[in-house]
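**Student:** Which chain is which? The protein sequence lines are C and U, in order.
Letter by letter, the first sequence follows residues 1 to 103 in the working numbering.
Letter by letter, the second sequence follows residues 1 to 580 in the working numbering.
If you're looking for bench data, these hints aren't it; they were derived computationally from the structure.
Fair warning: there could be bad hints in the mix.
Just the calculated beta-carbon pair ranges, DEER-fashion [said to hold, decoys possible]:
id: 1; chain 1: C; residue 1: T13; chain 2: U; residue 2: A62; range: 27 to 35 Å
id: 2; chain 1: C; residue 1: K5; chain 2: U; residue 2: D471; range: 57 to 65 Å
id: 3; chain 1: C; residue 1: M66; chain 2: U; residue 2: D40; range: 35 to 43 Å
The beta carbon of each residue, even a glycine, is placed where N, CA and C say it ideally should be.
Given next are the chains, with one letter for each unit.
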Amino acid sequence: MCQSKITRKVIITNSEGLHARAATLVAEMVRRFEARVKLAKDCEGVEGTDVLQILSLGAAQGEQLMLEATGEDAERVLDALIDLFASNFAENGENSEEAENQP
Amino acid sequence: MQKLQGIAVSPGVVIGEALVMDNEGFRIPRRFVTRDTVEDELERLQAAIDAASRQIEHHREAVSQELGKQYGAIFEAHLQMLQDSRLRSELEEMIRQRHYSPEYAVSRTLRRYAQVFERLESSYLAERANDIFDIEKRLLRHLLGRRREGISHLSSPVLVLAHNLTPSETANLDRRFVRGFVTEVGGPGGHTAIVAEALEIPAVVGTGPFLTDVSGGDQVIIDGDKGLVILQPDEETLARYQHEVEEIRTLAVRLESLRDLPAETADGVRLQLLGNIEFPYEVDHCVDRGADGVGLYRTEFLYLGSESEPTEEVHFQAYSQVVRAMGDRPVTIRTFDLGADKVPHLPAPEDERNPFLGLRSIRLALRNLPLFRTQLRAALRASALGNLRVMFPLISTLLELRQAKMVLADVMEDLEEHGVEFNRNLDIGMMVEVPAAVMMIDRFLEEVDFLSIGTNDLIQYTLAVDRSNKDVVGLYNAADPAILKLIATTIDAAERASVPVNLCGQMSGSPTYTMLLLGLGLRRFSVTPSVIPEIKNVCRHVTTEQCRAVAARAMTMENARDIKSYLKEELKKRLPEMGE
Chain C
1 MCQSKITRKV
11 IITNSEGLHA
21 RAATLVAEMV
31 RRFEARVKLA
41 KDCEGVEGTD
51 VLQILSLGAA
61 QGEQLMLEAT
71 GEDAERVLDA
81 LIDLFASNFA
91 ENGENSEEAE
101 NQP
Chain U
1 MQKLQGIAVS
11 PGVVIGEALV
21 MDNEGFRIPR
31 RFVTRDTVED
41 ELERLQAAID
51 AASRQIEHHR
61 EAVSQELGKQ
71 YGAIFEAHLQ
81 MLQDSRLRSE
91 LEEMIRQRHY
101 SPEYAVSRTL
111 RRYAQVFERL
121 ESSYLAERAN
131 DIFDIEKRLL
141 RHLLGRRREG
151 ISHLSSPVLV
161 LAHNLTPSET
171 ANLDRRFVRG
181 FVTEVGGPGG
191 HTAIVAEALE
201 IPAVVGTGPF
211 LTDVSGGDQV
221 IIDGDKGLVI
231 LQPDEETLAR
241 YQHEVEEIRT
251 LAVRLESLRD
261 LPAETADGVR
271 LQLLGNIEFP
281 YEVDHCVDRG
291 ADGVGLYRTE
301 FLYLGSESEP
311 TEEVHFQAYS
321 QVVRAMGDRP
331 VTIRTFDLGA
341 DKVPHLPAPE
351 DERNPFLGLR
361 SIRLALRNLP
371 LFRTQLRAAL
381 RASALGNLRV
391 MFPLISTLLE
401 LRQAKMVLAD
411 VMEDLEEHGV
421 EFNRNLDIGM
431 MVEVPAAVMM
441 IDRFLEEVDF
451 LSIGTNDLIQ
461 YTLAVDRSNK
471 DVVGLYNAAD
481 PAILKLIATT
491 IDAAERASVP
501 VNLCGQMSGS
511 PTYTMLLLGL
521 GLRRFSVTPS
531 VIPEIKNVCR
541 HVTTEQCRAV
551 AARAMTMENA
561 RDIKSYLKEE
571 LKKRLPEMGE
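With the hints as constraints, model all of the structure from the sequences given.
**Tutor:** Put into structure tokens, the structure is as follows:
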């Protein structure tokens, strides 16, 4: 297993911040790869698969997160996550606000 | 053993088993588990998490299919939160190392996350705290199984200990098994107090925080006479209280024999002893005690006990039940007497910095005519069935009284047009509970059929005291000479105008004041049904002449403390066993 650690920065752009569904998508994405991912805001770092911890970061619009990956797929998982953040977590063009507000 | 001092709001003493409730009206389970059951408890936690996960998955599928995939997404988030690895290790640590019960661990841990969320700056993320509460509830439901219940379903007698009780909790509680209440917050006159009185069970409120020191199933004593709560009493204390419970029972049996004797003084002056009620079932308590009628039927629980505004039919059912049960004895309905903050179906008040001086009671009713008219229509319809009277609360100006009467007249006309039966000549009265009403009492007397003095509010407004504020509650005293003067003025004026006057505050239910009030000329007492025999007993042992002397003497005194101790002394002279 490759132990090299890769880090990337990402800015939260969507208006609601890293909300519940977004955190779920992040965790789902991380699980698809052979890699361990940590998310950090300021200095706290949390597991990329722990939705409750990701939410506890309270990452709001305009804030920066540090993504840190180790493992075989480290490079690819970060690419995928960056894309996910860039898409504002919209899934198939569905309106994410609506999905969140009407469980 | 631990003793707590709170405010006594409903008399009596009870010994029983604790049922501890959380802020949402659910029971908080026992806090600790024993060392050798830790593994079993961990398994129980795992089983609950699995069951909750399956349930959430099921919801997700159902909702996704029915409404579309995006609507199921929130359940996916819940599912993932539940599988959070750090959450799991935190829970396990609490059970393994600290021997917390899984229920307690779940509650504590998830509430901590909820707090973290609530503190987040983004209001959107902060709202996610509700998701956490949802997960907590779900887990607890699985952990406790059928045991997770509020107080609407009980299977054995309990004493309910809670931070606070909501009106709907108290309104819907299982009456057969609740034997007493203790709440950490609250004051006299709150709904816990009212419900406890209605159920005739002891209650103590405003004890301050203690729920973390007590576990479900612990033995507890509630002393509703002294405002004491004793957690896990020692043997001596327990024996003492068991003896007291026995004595109270004996006295109650003795007073019961008074039921069929008339309410009159020793010199034969006939009095009216009426009951104060809140719920229709309390009418039985009135009948059992031989009440001369219902002097105050509070209607607030019709609004508080349900989520939606009560319909005319809901009002009518309640009123007609009471009116029918009382036959030709009078039933006095007090119209809507709440603040806007208490009524979920009214718009939230905008500028209510001082609710007791704000938009409440008759003022609110006059601003929400559809709501007011619904109640009046129901009351009028019920007036056809017996001796119903209508009373308006918190009247402070003549204009208000006239407006309220106009609305009533308007509703009457409406009913007449539709050929609905009602009593056209029903008595209309007002509460005297604002000092301004006493100042203007002669003018008011020209426009009402009866008066009812509400001492609870009258004391608060006259002495400018919030009686739920423990720093000033000492000033709140029915024996204050200013209060006695207002009561005397009202009774005198009513007598001159030949208008019947009733007193329905807590003061009239306290034997300490019975002689004084009789001496001031009061002939109608409206009290909690349970104290009717006690008050009747006092009345039957004293003459009006003695009472006039007591009142005259009391009126010369300068402060509440002297007056109260004098009144207690006098009572003890006539009825030695009633001296507290």
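**Student:** Run every hint past the structure and note whether it holds.
**Tutor:** Results of checking the hints against the structure:
1. C:T13 <-> U:A62: 27 to 35 Å: holds (33 Å)
2. C:K5 <-> U:D471: 57 to 65 Å: With a Cβ separation near 60 Å, C:K5 and U:D471 satisfy 57 to 65 Å, so the hint holds.
3. C:M66 <-> U:D40: 35 to 43 Å: Given about 42 Å between the Cβ atoms, the range holds.
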